[in-house]
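Trainee: Here is how the chains run, residue by residue.
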Amino acid sequence: MALTNETAAVDAMLDAAGLSPAPAEREQLLQMYALFKPGVEALYALPEARYEAPALVFQAEPKLTAWGA
Amino acid sequence: MSASELALTLTDAAAALRAGELTSTELVGAALARADALDEQLGVYVTRFDDCALERAEQADADFAAGVDRGPLQGIPIGVKDILAVSEGPTTANSLILDPAWGEGRDAIVVERLKAAGAVITGKLTTMEFAIGLPDPEKPFPFPRNPWNTDTWPGGSSSGTGAGVAAGLFLAGIGTDTGGSIRIPAAFCGVSGLMPTFGRVPNAGCAPLGYSLDHIGPLARSARDCGAMLGAFAGPDPRDPYAVDLPVPDFLAGLAGDGSLAGLRIGVDRANTLGGEHDDPATAAVFDAAVAQLSALGATVVELTIPHYAEVVAALMITMVSEAFAYHREDMRERWGDYCAATRSFVGAGALFSGADYVQAQRVRRVAQRALAETFADVDLIATPTAAQVSPSYDELKDRGTRGVMQSIHTSYWDAVGNPALVVPMGFNAGGLPLSLQLAARPFEEALLVRAGDAYQRTTDWHLRIPPLGLAEPLGAEPLGAEPLGLRPRVPSEELAQRARSSSAAIASA
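First to last, the protein sequences are chains A and B. Take 463 as the starting number for the first sequence in our numbering and just add one per residue. Take 1257 as the starting number for the second sequence in our numbering and just add one per residue.
Treat the hints with care, as some may be off.
[What the hints assert, rightly or not] Under the rule of at most 25 Å between Cα atoms (straight-line distance), these lysine to any residue pairs were calculated in the SDA-like manner:
(1) A:K525 <-> B:D1325
(2) B:K1395 <-> A:P500
(3) A:K499 <-> B:H1534
(4) B:K1395 <-> B:Y1498
(5) B:K1395 <-> B:P1492
(6) A:K499 <-> A:A470
(7) B:K1371 <-> B:H1534
(8) A:K499 <-> B:G1660
(9) A:K525 <-> B:D1307
(10) B:K1395 <-> A:K525
(11) B:K1371 <-> B:T1281
(12) B:K1395 <-> B:G1327
(13) B:K1371 <-> A:G530
(14) A:K525 <-> B:G1491
(15) A:K499 <-> B:G1491
Keep in mind the hints are simulated off the structure, nothing from the lab. None of these values were measured; they are calculated from a predicted model.
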């Protein structure tokens, strides 16, 4: 059942992203998803992360100069 | 020193240039001649700038004659990974996807600074496509090979930089590191590599892989050479929003002493990095010897465990493929088949994570940064093997897959937390392939890494060993380092091409 769910999830995400891998590549991505999924769940299970802010920075007034400008 | 005896280190060459023992024209000419002889086997260059390089070498000689000294890179042949823009030629990122107009006629900030320092850029160097994946024989780009054994992978993604420095095609080069792409080829090719702190070097003009993970840095023979390189191109620039506005120290200032490491505390993590199923049998003992050498130099060595190691490695992967997929999604929809097979696999996986997964990965990165700061309150450096295995053969890559091999490689943690890390050669396995020591430091303490690496290299000579270049030749027949660079007979190009096709086709089908 879990495998079926994972397969459906991967197919749905690939479809939503607009990707059309060949069957062998889809199989690779399925395997990768199964490989990564425990790692993703482990991130949510880390107690220290419960109230942690992400390592993202957003500046309301960024100092930006385009490269090549 | 004659031009035919290309100096091994940038530092030695710089001294020879200033002593009048060598001209830049001779040095660059010798480097280009070596590329003529070896590059068909090694697949280092995507594009060469011979004419421009010789013109710049002549200019460097004229500057020396006029008493103009722009620093240690003046007149030195240097290669640049082909994901950074260099005005002399196209940037391909080893991909059919990158718009040729991107970067056309312009220099990345790092390249601007190299040129201002008088460096002679000899060409653009092989990378994995957009700095991820594996070489793809179906695509029209050079197939990189390791000069220690050309049946093996030189590491990636800065493959050409690592192989080129090791084989003496230039004295230093530019690489980029998102999960280990400076340090892995440095380790597998037996040279030194320095990943600076995230934000120390501006990335503008470099095709991105992971925006919050990409680090530009040097590969060279020695830690001292890496420090000289970094000093030439570190520092903020308003064109890079990630570049950190901090003064750039003299990374070589700490090298004037006696090489003692007294007073330094070095933490050693074996638990996270040794004992794997695919470890090379020599790694643990060679690593122990390297740590003993650091201790003999005066450092206090303590055992520790790097915090949240597995979680951070997972966070790195989620972050990298998510950021890469944002950049590539539209092209992947329209031009899936134009990407290399391994790129499709890696970057396409970015479609499989949610926005929440990405944010959670960033929360874990912050957790790890806090914990690591506590660790670094007790030690100055952390030492591990760069990888627990040597350069894998292309057949092994086919069998285990890149992700399997990456389980034996211990670089990606440091990309995720942003701390700087230096790798230096520390010995060889029974098959004569290089093993590597990794040292990591607090953010913006690259100078300490250079000092520790230099101290280690003053008392060892692993970084000066020269690779034999014959295809799959055993290395035990002659003392390592006994042979001048590049004098092995060339393998017939037809045979080389056939070997490349057969091994690479097998990988692509895995």
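Trainee: All hints, please: hold or fail.
Mentor: Taking the hints in turn, this is what the structure says about them:
no.	hint	result
1	A:K525 <-> B:D1325	violated (34 Å)
2	B:K1395 <-> A:P500	violated (34 Å)
3	A:K499 <-> B:H1534	holds (23 Å)
4	B:K1395 <-> B:Y1498	violated (33 Å)
5	B:K1395 <-> B:P1492	violated (36 Å)
6	A:K499 <-> A:A470	holds (14 Å)
7	B:K1371 <-> B:H1534	violated (43 Å)
8	A:K499 <-> B:G1660	holds (16 Å)
9	A:K525 <-> B:D1307	violated (39 Å)
10	B:K1395 <-> A:K525	violated (39 Å)
11	B:K1371 <-> B:T1281	holds (16 Å)
12	B:K1395 <-> B:G1327	violated (39 Å)
13	B:K1371 <-> A:G530	holds (16 Å)
14	A:K525 <-> B:G1491	holds (16 Å)
15	A:K499 <-> B:G1491	violated (38 Å)
This entry does not satisfy hints 1, 2, 4, 5, 7, 9, 10, 12, 15, going by the numbered hints stated previously.
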